[in-house]
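Letter by letter, the chains look like this.
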Amino acid sequence: MTLLRRVPRRLIQLTCFVGAVVLVWPVLPWAIAPRFFQQVSPFVTLSSSIAARSIGVGAVFALVVAVVSSFKKRWFCLYLCPTGFLLENANHVGLRKTSWWSKCPPVGRYVAILTLVGSVVGYPVLLWMDPLCIFSSPFAMNKATNPVSVFLVCLGLGVLVGATFIFGMLWCVRICPLSGLQDMLYATRKALWTRMAASASSGRFNVARRVFFAGAGGAVLALWARRAGAARQRNSDTLLRPPGAVPEDRFGGLCIRCNNCVHACPSKIIHPDTGHEAGLAGFGAPVVKFDRDYQYCLETCNSCTQVCPTGALTALPLAQKNKYILGEALVDNNVCLTALGKKECNACEHACPYDAVKITWDEDQYIAYPAVNDKCIGCGACEVVCPTTPVRAIRVWTQKPA
Amino acid sequence: MRRSLAAGGLFAAGSLMPVSSALAGQATEKSAVQTGAHVPATLVDGKVVQPRRELPVLQKTSVLVVGGGPAGTAAAFTVKRMGVDVTLVERYGYLGGLATGGLVLGIFPLYDRSNKQVIFGIGEELMKKLDVLKYGIIDRGKAPTYPTIDAEAFKFVLADMVLDSGVTAYLDCWGVDAIVDAKGAVKGAVFESKSGRQAILADIVIDCSGDGDIYAAAGAAFEKVKTNIGLISRIGNIDEVDMAPGRGSEDPSKAQTGKPGGTGDARPSKGRVNDFNGHAGNSTPAPHMNWLNMRGPVGDALDVSDLTSMELKHRRGTWSNVEKLRQKQGDEQVYLAETAPQLGVRLSRLLDGVQKLTVQDIRGGAKFKDVIGYSGAYANAPEFQIPYGSLVPAKVENVLAAGRCISAEFDVADITRLIPVCWVTGQAAGVAAALCIQDKCKPRNVNVTKLQDILHRQGAYLG
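Taken in sequence, the protein lines are chains A and B.
Residue numbers for the first sequence follow the numbering used here, so the first one is 1 and each next one is one higher.
Residue numbers for the second sequence follow the numbering used here, so the first one is 1 and each next one is one higher.
Check the hints yourself; a few may be wrong.
[Claimed, not checked] Residues of chain B clear of chain A, computed beta-carbon distances all greater than 12 Å:
(1) P56
(2) V104
(3) A280
(4) G281
(5) H288
(6) W291
(7) G296
(8) D303
(9) D370
(10) V371
(11) D411
(12) Y461
[Stated by the list, open to error] Calculated lysine-lysine pairs in the DSS-like style (CA-CA distance at most 25 Å, straight line):
(13) K343(A) to K313(B)
(14) K358(A) to K226(B)
(15) K128(B) to K358(A)
(16) K343(A) to K142(B)
(17) K369(B) to K343(A)
(18) K343(A) to K128(B)
(19) K367(B) to K324(B)
(20) K134(B) to K343(A)
(21) K343(A) to K194(B)
(22) K343(A) to K395(B)
[To be verified] Partial chain B-side listing against chain A, Cβ under 10 Å, derived:
(23) A221
(24) V225
(25) L312
(26) H314
(27) Q385
(28) G389
Hints are computed from structural coordinates only; laboratory data are not their basis.
Glycine included, every Cβ here is placed at the ideal spot set by N, Cα and C.
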C-alpha cells in the first residue's frame, strides 16, 4: 500500500525535475524562461520583492506554492522541488549518517527569517541558499570559460549532493530555507485556523529568542553588507557588474547566484566571482570580465537582464541596455601600440559600436592615442580587440564619478 | 587661348601634336618648338603662362610603371619576368618608396586570423633575399609577430634586382602628367627631372605613384581623401628597455612572464594624457635601433603647404619626443638616428575602379571571381580577397592602378595601403599589363583565368 502511494509521487517528482531542466536549460525557445523557474520559490519571490520594493508577474506562481504549502506540509518539497528529488535519490544510495544532526534545530526557518528581515533593510542576506537557485546554477557550466568558473557554478549543488550522500536528508529537513519558510507558513496557517494565534510565539521562549536573534542578525548582516558594498563601489577599480545591475550596496544580496545571467550571455563575459573582485559578500555573484578571443557586451543582446529572477539585474529593453554604463574604457598610453609608435593600430576605434573611441592626434605631446568620449558605456569591444600582451592598453574600468 | 595653356593636363596631351597655329604669331616660341630650346614661363597680363612646346621622348616602352615603391617594383619585376619590355620611373633617388624612404619597416598584414601567411609571390621572394643578408630582416615566420626589414638592406636588394634584371629605370624622375590620345586612352606619361620635362610613351601604364597622379591626370574618376600624415624615425641605443616589465607588446615571446608590474597595471587617469614614457617604437634588424611610428595630424597629401608644414613640424616634434624619452631612467643614451626622408602619406586619391572594394566585402568574406590575391587580417578585419577589378579604372583605358591608390573604400584602403598588400596588387598589375601586351587587349578585357593561373605559377596566394 505504501509502495503504491509512493509511485505517483515519484512520477510527479520526475516530471517536475524534467520540467525544471527544460526551463533552465533552456530547451524552450523562450529565452526568459529560467527567470520564472526561480520565481516559483516563495522564498525568492517574497524576499526579493521586499528587498527590491517591487513585485513581478512570477509572484503568481510563488503565491500558489505558498498557499498550497500552508495547507499541506512541505508540499513543494515532496512533489515539486527538483533539488529535493535529486537529494532524495542521493540519499537513497547514500550512507545516511543521520544520528548526529537529528537533534539539530530547524535552521532553515531562521535562515528564512534572517533573510526576510534583511530584505526589509534592502539586503536579503542568505537568499542564495534557495534550493532552486542552487539547482539551476550548474546549467551555466557551458558558458564557463575556465575551470574556476565551472567549480563555482557547480559548488552549491555539489556540496548538497555530497552532504546528502553522506549524512542523509540533512539539508532538506533542517537547513533549506525554502522548507523552513513552508514550515512557518504551515504553522502560521494552522495557528490562525485553530484560532490559537498566540501559541506560535508564547510559551516557547527558545523559539522566540531564536526568531529574535535571527531577525536581528539579518538586520545587522544586511546593514554591514550594504556598507561593504557601497565601499566596494567607491574603492574598486576593476569591479564590473552585468548590465542593469542594482547599485553595489544591494547587488550582493539581491543576487541569488542562480547564474542565469552567466548562462544567458552569448559572449561568455559574465563569470561567477571568486571573491577576488567583490570580497566575501560578493562570492559567486556575477562579474564581467573581457577575455581575449571572446566577445564583448553585444549591442544586439540584453539577455542577462531578462533572466534575472530577483531584479538584481533590472530587465532592460535593448535600447536602454545599450545606454547602461557598465564601466568606462581608459587607455594606458604606455602600453598602446599607437601611442608608443609601435604599429599602425586602430583596432579599438574600429571595434567600438558606439563611436566612442577615436585615435586622436595630440599636437602638444606630438603623439596619437585613443581618446574615449562620453558615448562610452564600457561594452568592452575595444578591450577584446586590443592586441597588446599581456596587459591590454585599453581596458574597461569601474566607472568613477567625474 | 590662355585658358588652354594654363590647363596642365590637356596641355601636356596636346604637346606632342604638331605646332598649333595659335602660337604661330610668336616667333620665339615657334623657333623653340622647332629647335627644342627652352622657353621659360612667361608673365602675361599678370598671369603665368607656360608656352606650348614639344617634349622630347625619353623612351618608348611596352609597359611603363610610375613609382618605384613596393607596388611599382613588384609590378616592374613581374612584367620583365614575363618577357615584356618595361620602364620603371621613381621620384626619389632610391627604390622601395615608403618601405625604405618612409621607414615603414614593419611588414604587415601578412597572416590570416589563424596566423597562416596569406601573402607570398614577389613579396615573399623579396623577403627571402633579405633573409640571407645580415641585419636584413627579423621576425620571419613568427606569426603573429610580423617581420621587420632594414631600409638599407631593402634598398640594396631592389637596386641589385633592377641592375640584374634589365628593367629600365629612371630615378630622381617625377611623373607629373599623363599622355592621352584623341580618345582619351593613356599612351604614356610626362616626367620632370634634371633633364627637364620629358615624355615616355607606353602601351600600358601602371600607376604606382601612391597618389594616383597619372590616372588622375588622365581623367579617371577618383575619390580624394584626407587622413593622418606622419613621419617615421629611427632611434638608437634603445635596446635596454626591450624587456622592461609591464610594457605592452604584441609579441608573446617579448612579453614578460608573471604578474605585470607598474605600467599597465594601474588605472589610467581619465581626460589626462599619460606621460610618454613607455617603450617607444619597435625593434629593427639593426641592433640597438627601434623604428618609431608617428600617426600625425590629418592633412591633405596633395597640398604642398600641408606637406611642408608637416615635414617641418614632424621633425621638430620627433626631436623633442626623443629628448623626452632621454629623461626616463635607462633611456638616457637614446638618440635620434634619422627621420624618414619621405613623409608617411597614408592615403590621398582612391580610384573609382571597375570594382570598389567595400567594408561589407571584407566583413562578409566576399569571394571574387577575379581574385588576384589576399590581404592579411589586420586589427579586427579578417583576411580578405582583392579583386582584379579594383586595379582597373572604371573608364580610362590602358592604365592600371596598384599600391595604395587602388579602388577601395576608405576603411579598406587603410589596409590595402600597407606594404605586403602593395606587393600583391603590384604583382597582379604587372601580370595583367604583360598579358595586355601579349594578348593585345585592354586591361579591362584581360583573361582573368589566365591572369590567376600565371599569378599562381609565380607563387602568389589566391586562396
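Legend entry - Interface hint outcome for H314(B) [beta carbon to chain A under 10 Å]: Nearest chain A Cβ about 8 Å off; hint holds.
Legend entry - Nearest-CB test (12 Å) between chain A and V104(B): 9 Å, violated
Inset, instruction - Report holds or violated for the interface hint on L312(B), using the least CB-CB distance to chain A and a cut-off of 10 Å. - result: At about 13 Å, which exceeds the 10 Å cut-off, the nearest Cβ of chain A leaves the hint on L312(B) violated.
Inset, instruction - For the pair supplied as a hint, K343(A) and K395(B), confirm whether the alpha-carbon distance does not exceed 25 Å. - result: Violated: K343(A) and K395(B) sit about 37 Å apart, past 25 Å.
Legend entry - Straight-line alpha-carbon gap K343(A) to K142(B), limit 25 Å: Measuring from Cα to Cα gives roughly 17 Å; hence the hint holds.
Legend entry - Given as non-interface: W291(B), partner chain A, CB spacing beyond 12 Å: 8 Å, violated
Inset, instruction - Against chain A, does D303(B) hold up as non-interface, every C-beta pair farther apart than 12 Å? - result: 17 Å, holds
Inset, instruction - Could you grab the alpha-carbon distance between K369(B) and K343(A) and see if it respects the 25 Å cut-off? - result: At roughly 33 Å apart (the allowed maximum being 25 Å), K343(A) and K369(B) break the hint.
Inset, instruction - Test the statement that G296(B) is away from the interface with chain A: the closest C-beta pair must be farther apart than 12 Å. - result: G296(B) is in fact no farther than 12 Å from some Cβ atom of chain A, at 6 Å.
Legend entry - 25 Å limit on alpha-carbon distance, applied to hinted pair K134(B) and K343(A): Holds. K134(B) to K343(A) sits at ~24 Å (cutoff 25 Å).
Inset, instruction - Using 10 Å as the Cβ threshold, decide whether Q385(B) counts as touching chain A. - result: 19 Å, violated
Inset, instruction - Verify the proposed pairing of K343(A) with K194(B), using a straight-line Cα cut of 25 Å. - result: Violated. K343(A) to K194(B) sits at ~37 Å, over the 25 Å cutoff.
In this structure, the earlier hints numbered 2, 3, 4, 6, 7, 11, 15, 17, 19, 21, 22, 23, 24, 25, 27 and 28 are contradicted, and the remaining ones agree with it.
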